[in-house]
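Listed here are the chains, written in short residue letters.
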Amino acid sequence: MTSTSMQHSQMHAPPAESDVVVVCRSIKKSFGEGQARVRVLRGTDFDAKAGEMTFLVGPSGCGKTTLISIIGAILSCDGGDIRVLGDDLRRMRNGQLADFRLDNFGFIFQQFNLLPALNAAENAAIPLVARGYSTRKAEGIASEMLEKLGLGEHTRKIPAQLSGGQQQRVAIARALVHSPRIVICDEPTASLDAASGQRVMELLRDAAMDHERAVIVVTHDDRIFRFADRIAHMADGTISKVERGKLESSKTPVTPKDAIP
Amino acid sequence: MITTALRMLIGDKTKLLGLIFGVAFSTLLICQQVSIFVGLLGRASSVINDVRSADIWVMDPSVRTIDASHPMRDTELSRVRGVEGVAWAVPLFKSQVQVRTREGRLENAVILGVDDTSLIGVPNEFLLGSVEDLALPDAIAINPAGFRLLFPGAELDVGRELELNDRRARIVAIIDAAPAFAANLTIYTRYSLATTYTNPGRNVMSFIIARSADGLAPEVVAQNITDRTDLKAVSSSAFRTESIKYIIENTGIPVSFGTVVILGAIIGVAIVGLTFNQFIMENLKQYAALKAIGLKNRRLLAMTLWQAGFVCIIGYGLGLGAAVLFFRSTAEVDALRGFYLLPEVAGGVAVLAAVIVLLSTLVSMRRVLTVDPATVFRG
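Which chain is which? The protein sequence lines are A and B, in order.
For the first sequence, this note's numbering begins at 33 and goes up steadily by one.
For the second sequence, this note's numbering begins at 395 and goes up steadily by one.
Hints are supplied without guarantee of correctness; some may be wrong.
Distance condition first, Cα-Cα at most 30 Å in a straight line; then the derived BS3-like pairs of lysine-lysine [stated by the list, open to error]:
#1 A:K189 <-> B:K639
#2 B:K679 <-> B:K690
#3 A:K169 <-> B:K690
#4 A:K189 <-> B:K407
#5 B:K626 <-> B:K639
#6 B:K626 <-> A:K60
#7 B:K626 <-> A:K169
Sample of chain A residues with no beta-carbon within 12 Å of chain B, all distances over it, derived [as the list claims (entries may be wrong)]:
#8 S58
#9 G64
#10 V70
#11 A105
#12 D120
#13 A157
#14 E179
#15 H186
#16 R245
#17 R255
#18 S272
What the hints contain is simulated information worked out from the structure, not anything from laboratory work.
Beta carbons: idealized from backbone N, C-alpha and C, even for Gly.
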């Protein structure tokens, strides 16, 4: 861990109960019809708090991606309750959900999903431009964010001119540039080598963690579990257990409901 | 997001070039073919256009076009002159004749015989010589395209002699008459001389051209003539339209040109459609990511429309420019004389290019609109 991330974790105060920003209760989701119907989420409970980095881990097909898609207001659930930042997502229409995502979420994808023709600053500026900022102002703010992430010299490079780790840092900048309350990361280190993955997670932790922001990370990569404040294990469409991350120096298994009321 | 959309497109130079080429190619092909078609139709009425002083054309009732006349008796001229509202009326002879130069070159020509006394019917634009010169013995006037056809490489001049159906004729003037539909060589001469050259038989008068009296509409006077003489009389503009309509309805020209235009449009749709679809498919994941970030379908649609519009404008501009260059570079080619890129054609092709691009991008747009943003989480 870098010195900055150590400082960050030491300075990082435990979140209050009132900082719960994502509340999922009995979430159900199925795909397909009739005999081909697959129940992916079977009454899942999950919570995420501001100021915490919550990892969602589990085997392939256990429903992690479906759950973060629902939390990220990209997918609707079939049953249960989901409240994000106090808002009931099930009551929102598609247009409202898009606005909600733009205002409150930052996304980091496994494959980065940067626009290949745009340079780093332009890519990172997209959420601001989408919110109506002028291109120049948005790119200025994005460049500052890239500078913080150590890409100050690469702001004018297109993704093809950047390494995988650098591209993921651009994706982090894009996810954080509009100061969202929630950041969702889908396998952020899956496309990176071990060293780059560690570095990206350190930067993510340093740049993203804020007492008002929740970070949810879906991952298979147990080498980065040490960055978690809380680890939710998923199996067969439910959260099987939630444990404190190593950063909290506690490995006491807790039930989902005990973890966050 | 407009800049983002355009940067996405410009960043993929291969596809951008393909898209622009598709639109430019269609624009050039359609502009060129439609302009030539319109020019050909113009030739169908070029003689009517050149006879500016008359506003009424009188002919045998069976005649439907300037290029296929049926001779009338000479006495019909007096009857037309007697109709109320006719300011003046003169005969016009129109036929085809074989022309041979002293060097042995043989060409077909449209020959027009105008009233011996007034010489009404000869175009006003004399490049060499004058209308009075047509009063000279064996005098004929020809158009520049015809001159160059007969005397390739020679400078325009007068005084050369020709044989028209084995009779002597002398070029006394060069007139700026438009090429006719039937031949590039157009000859103007006196009525009596024209009938001598062609030896048509007892009835020789092809048309009577007349002028309506001041204050009277040519259509009204033409109707008077028809009522009084049982001849067909129409205004110049109506005869022009009728001659063009005849070509459209009775020749394969519209089908031929129409086929090329349709093929041009189909090729444009195919090239642009496939390339744009490929571009969208390769960027679909990025569009899904933008959707996940929070961009609504409306904005993504606007982005693709801007991309399509950009391609359309650049492609159309290049295609139009190439069409202009084509017509400029062929302006001095006699076979293509009278073929211009009309603003109406350019405007129509602009609309067509927009339709081509829009049709081509509809499928791709649908893909953008229906892409599931959740796909970005599926590796």
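Now for the hints, and whether the structure bears them out:
1. A:K189 <-> B:K639: violated (62 Å)
2. B:K679 <-> B:K690: Answer holds: B:K679 to B:K690 is near 15 Å, not above 30 Å.
3. A:K169 <-> B:K690: Holds, because 22 Å separates the two Cα atoms, which is no more than 30 Å.
4. A:K189 <-> B:K407: holds (17 Å)
5. B:K626 <-> B:K639: holds (17 Å)
6. B:K626 <-> A:K60: Not satisfied, since the Cα-Cα distance of roughly 85 Å exceeds 30 Å.
7. B:K626 <-> A:K169: violated (76 Å)
8. S58: holds (21 Å)
9. G64: About 15 Å separates A:G64 from the closest Cβ of chain B, which puts it past 12 Å; holds.
10. V70: Label holds. Min Cβ-Cβ 15 Å, cutoff 12 Å.
11. A105: violated (9 Å)
12. D120: Correct as stated: the minimum Cβ-Cβ distance to chain B is 18 Å, above 12 Å.
13. A157: violated (9 Å)
14. E179: holds (22 Å)
15. H186: At about 17 Å from chain B, A:H186 clears the 12 Å cut-off, so the statement holds.
16. R245: A:R245 is indeed farther than 12 Å from all Cβ atoms of chain B, at 17 Å.
17. R255: holds (19 Å)
18. S272: Its Cβ never comes within 12 Å of chain B, the nearest being 21 Å, so this holds.
Checked against the numbered hints given earlier, the structure breaks hints 1, 6, 7, 11, 13 and satisfies all the rest.
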